Amino acid sequence: MTEALIGSLVIVVLVVGLTVGLLLLRSRLVPDTALDVAVNDALHLAARRGDKLLGVLHGGGVMIPAACGGSGTCGLCRVTVTGEGAGGPQATERGVLSARERRDHVRLACQTTLRGDCAVSVPDDILSAGGGFTGTVVSARMLAPLIREIVVRLPEDRSSEFLAGDFMQITAPPYRLDFGSIDVPPEFREAWEISGWRGLRAGSETEVTRAYSLASRPEDEGHAVFNIRLAVPPPGREDEVPPGVVSSWLFGVAPGDAVTLSGPFGEFHVQPTAREMVYVGGGVGMAPLRAMIHQELGKPGDRRIRYFYGARSAADLFYSDEFEALAAAHARFTWSPTLSEPAPGDRWTGKTGFIHQTLFDEMRAHPAPEECEYYLCGPPVMISAVLSTLARLGVERDLIFYDDFGA
Amino acid sequence: MTGLGSLFLTAAFVDNMPLTLFLGLCTFLALSKRPEAAVGLGVAMTGVLGVTVPLNHLIYQGLLAPGAWAWAGMPDLDLSYLSLIAFIGVIAAAVQLLEMILDRFFPAIHAAFGVFLPLLTVQCAILAGSLFMVERDYTLAQSLVFGLGSGTGFAVAVAMLAAIRTRLAYADLPAGLRGLGIAFVLTGLMSLGFASFAQMAAAQ
Ligand SMILES: Cc1cc2nc3c(=O)[nH]c(=O)nc-3n(C[C@H](O)[C@H](O)[C@H](O)COP(=O)(O)OP(=O)(O)OC[C@H]3O[C@@H](n4cnc5c(N)ncnc54)[C@H](O)[C@@H]3O)c2cc1C
Ligand code: FES
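Chains as they are written, first to last, in the UniProt record's numbering: chain A, 1 to 407; chain B, 1 to 204.
The hints are simulated quantities; they were obtained by calculation from the structure and are not laboratory data.
All figures in this text were calculated on a predicted structure; none of them were measured in a lab.
Don't take every hint at face value.
Claimed, not checked - Facing chain B, according to a computed beta carbon distance under 7 Å, are these residues of chain A, among others:
#, residue
1, VAL15
2, LEU29
3, ALA91
The beta-carbon is built from N, C-alpha and C at its ideal position, and this holds for glycine as well.
Please put together the full structure from these sequences, using the hints given.
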């Protein structure tokens, strides 16, 4: 009995003693000081030692994009930071930032812990864009079993101008959604029944923000068009893994609903050269490429444009009529959709196989594939297959531009 | 040579923690990519071992060892089975303190450590220092010297490995060996070298 008592006492006193000692040392070593973060020399934000820069900027209404939610993978929260207080780049940042960017004091705001005063510079339009704004859904329709087109009318005072390739951030409010209540058009019902998506439920207790590329055409003035892919759980894991938070919410919105947006932002843009352009897309990689192709074809000039788009079956192929019409109207544009698994009922007479194979077959006959510019957007497996195909064609990396949606 | 001097050298070279006893290899390999990080780790290990071994000695002899409570009329009381939990507590506090010091004064080293800094709490070489101290019945002075010696040995070894690995940046290695592969081979070779210290000690 005494032994147990003394033993417990010894350990308790020891742990309490260590804790008190650490607390004392901490208060001397880590002073809780107020810091000043200067943004573009125009705005001064108050912060505390140990705060993350991203949180300080967002708290101050500087809505820099952060598509991965601060996990250091999307690289969209790049800012230039000078001053002692930012410390050196973290290991997580080395994978994302190039050596040149690191030398130029570019940091990921979500990985920067403040230790002192610092000065941040962000693009001026982010500062003037202020926080988010509210748009109204004017139409929503399913294009493929898991892809929905959403058109949002922007407020009068906001220009719908953007550089093709840009994205906006959409914030979903706290919500609950029963997938049984999603209105699936008859042609996609079978796919939904077979995959058992009807039984899923999604929801969130907090606001969540994600990035979505603009798929708007010039004629969509005043509106923002999005192609949203529903992030369903991996097959067979429907019971453990919930569906994606924001994409599910967007599958539940209806015309008339309000949507909180911010942006546009982006770094994936058409280069101002005269080179031939080759676009390769899959899935919702359609969105930025569609905007780019429409903007390019609207410009005078004769830049040749090829668009390779891969889908599984005819049901997954969308906007096909639109691109056929563009190809008929513009001699400099060709559209090559390829299906990897056409369904028997598709009566598909076009190309079959994987999109990188179609690309290889066609570009091999090209006199100089290494002189073209390549714009890729799609699922990560497609991007990596296309990158190795382009390497086989002898294309240097500096002519390849891609958006992997932060994967 | 005096007893303490030779204890220091034995702890640092003959019983080198990573290369002779193969303790603490995870941090040893992970933080030996760049010399700055390696030197930082070496200093940190020396500091943590130099503090925790003597501190644990005091706690063990004063509170836990058989007979420690004889003054209170309980000569039979033996609390030594509580030593692991007490040692780990002290080590955890020392690592926490180290983290605060690095964060405050050496942010670059703090960033280089990454997740390996908190992991020092359960680093086997550090706990081994305290356990050897009990097993070998060191006095307080010996504990201090032993802790500092083991830490210095670790620092020397990791700095050497980092120096070699930096040079290897220019070597044309087979693809499969690059990175960790060659680091393991190097560790093995260095360990062979350190085995010669054991021979010297045995010959005396
Ligand atoms: C620049 C950019 C542009 C983009 N453009 C588009 C676009 O045009 N269209 C588009 O559809 N998307 C686009 N995205 C992707 C988009 O931002 C979102 O990442 C995507 O919609 C998923 O978000 P979510 O909130 O629905 O899913 P999340 O809630 O983030 O979940 C993602 C996935 O993880 C799974 N998951 C959830 N919890 C777990 C768990 N515990 N274990 C394992 N898995 C889990 C979910 O089932 C889901 O499949 C873009 C991204 C970037 C960075
Ligand atoms: S928010 Fe910082 S990298 Fe994505």
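Now for the hints, and whether the structure bears them out:
1. Interface hint status for A/VAL15: upheld, as the beta-carbon distance to the closest one in chain B is roughly 6 Å, under 7 Å.
2. Hint status for A/LEU29 relative to chain B: holds, with the closest Cβ pair at about 5 Å, below 7 Å.
3. Because the closest C-beta pair between A/ALA91 and chain B is about 5 Å apart, less than 7 Å, the hint holds.
Of the numbered hints stated above, none is contradicted by the structure.
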